[in-house]
Amino acid sequence: MTIAFSGKVWVFGDNLDTDAMYPAFAMKMEPSEAARHIFYEVRPGWTDQVSRGDIVLAGKNFGLGSSRPVAALFTELGVAGLVAEEFNSLFFRNAVNAGLPAMTVPGATGVFHEGDTGTFNLTDGSWRNDTTAASGTVPRLPGLILDIIESGGVLSRLAEQGYLPSELGDLLRSPTVAIRGAGSGA
Amino acid sequence: MGMTIIERILARKAGLDTVSPGDTVVVDVDMTVLIDLQFATMWIAPNRIHDPDKLAVVMDHAVPAPTIKDAAGGPHARKFVADFGISRFYDVGRHGICHQVIAENGLARPGEILACTDSHTCAAGAYNTAARGLGPAEVYSIMCTGTTWFQVAPTVRYELVGAKPNTVSGKDIFLHIANEYGEAANLNLEFGGPGLAGIPMHDRRTIATQGAEVSADFSTFEPDDVLKSFLDERGVTGYAAAAPDPDAAYHDVRRIDLATLEPYVARPGTVSRNGLPVSRLGKQKVDQAFIGSCANGQLEDLRIAAEVLRGKAVAPGVRLLVTPASQAVYSEAMRLGYLQDIVDAGAVVTNSTCGACFGYHMGVLGPGEVCITSSTRNFTGRMGSAEAEIFMASPATVAASAITGYITDPRSVAA
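Line by line, the protein sequences give chains A and B.
Last residue of the first sequence: 186 (this note's numbering), numbering continuous.
Last residue of the second sequence: 415 (this note's numbering), numbering continuous.
Just so you know, these hints were derived from the structure itself, not from any lab.
Owing to the predicted nature of the structure, the values given are computational and were not obtained by experimental measurement.
Just so you know, even glycine gets a beta-carbon here, dropped at the ideal spot from N, CA and C.
Among the hints, a few may not be true.
[As the list claims (entries may be wrong)] Here are the computed lysine-lysine pairs in the DSS-like style, where the Cα-Cα straight-line distance is at most 27 Å:
#1 A/K60 with A/K8
#2 B/K312 with B/K285
#3 A/K28 with B/K79
#4 B/K283 with B/K312
#5 A/K28 with B/K285
#6 B/K69 with B/K79
[Stated by the list, open to error] Reference excerpt, derived from the structure (chain B facing chain A, CB under 8 Å, subset only):
#7 F39
#8 G133
#9 L134
#10 F358
Using the sequences and the hints given, assemble the complete structure.
See below:
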């Protein structure tokens, strides 16, 4: 199976922290409502503009801060994948574990402009700006990580392995169920 | 080629002779700690778990429950520990901020790996533990399988030399480092050197905890006699500490002369390249002052606060909130009279919880307010309104600022 995502790119800057994406007041809400508050301060109204299949692309140290399951909120909005010049490693892990594809592309904010269409292939490490035809490759992720993403995240993988009720397997690919099942962090 | 502390621990736990930056390794996790937030709302109970003796559950972020959602999590946690025979359960009443509870109960052991659902888990690096905060889904997975994976990052070594002045705390050392060197994303931090012996354990824990604020992966201290005494007192034995090899390869080695440091403060937004000595800040009024969190709600932090506040009064219009890091800290601070001094000065002492630090309950900031905090993060919106400003400094600086109403160098407030 190939892990790839393609869609309209939203471009953000450096050092976007988890409080900017999953503020404490939103932690008191149900996941679907909490997802409406991503970027509530840095880009108010964005959650009304983003469409299913869109891509969030950011600069350096994307996602510094807490272990809150922010990636699951992006999935809740239908975001197809994350791209950054550099991920905060905890945030990257959370994306992988939520089954949300994420690719590190150095210099990405210079190559993509908001509204461009991009295609990112984790399986072979290739990326392409379909609007400008710029393209490149990055090192492939280890197979272990690709396997988790391909499983739809770590919880559905646990269901496959018998640690969780097997009938929940498909359901756990849904971010709303996954985020509720494993709860939050901080 | 030799290995750094983290490389040594990861190699050991992966069953490998050696690991290097760039490697992805699967490791056995020695202790996994779940927090209350993990159980809020639905919570899916697993069919089986790896080992109940390698698991702990700590109620800390939202206790006593400020919302019905949080309240619903308590019974899930209690049923889970009962069903799976988990003895290390720190329920409301014997609770505390998980990193304090981990320290008090010897859950973090030198040379071992600890995982927990809070991003400040790197706190246990003070005890020579490879400790990391991980997402709730991953911690859930480790609970089931006993293993996880890490990509080995390069290590930055902080070589500490000289003796720190008594007026300088771990917070000041960290804020200086964060200001001087900035972010450490996808890097490990290692602390050691001849100056380490002069840094007490509570200051080491502040520094290790705040590795998260510069985005480090692991933040780990060398083992030494100070650590050994600390662990002996808590009955922690039979561990295999991990020291770095003399020929370990580092991304960078940074020498910190502790003798040259003074009290520091970080401006709002981030601690990275955003701080300065308190003495150079200029006049900055505050509305709220906060001493607490996993970084600075320790017994010694409350002692320092009490010493500054004894016989003084919090300035009119300023709220000083003090949150002991655990019930055990609360009890001991009460027995020693610290809380009496703190309350007599006009401060509010709260229940032990993550509370105000993460802007969830018990001290949320309103629009336009300014806070001076000794907690962990000064991100915009972290402690409440995104229109509030959060400065960060040591407990001594926060206490001194609460007395004057302005961010104040504690050296200028006579005890």
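Quiz item: Among all the numbered hints in the text so far, which are the ones the structure does not match?
Solution: 5
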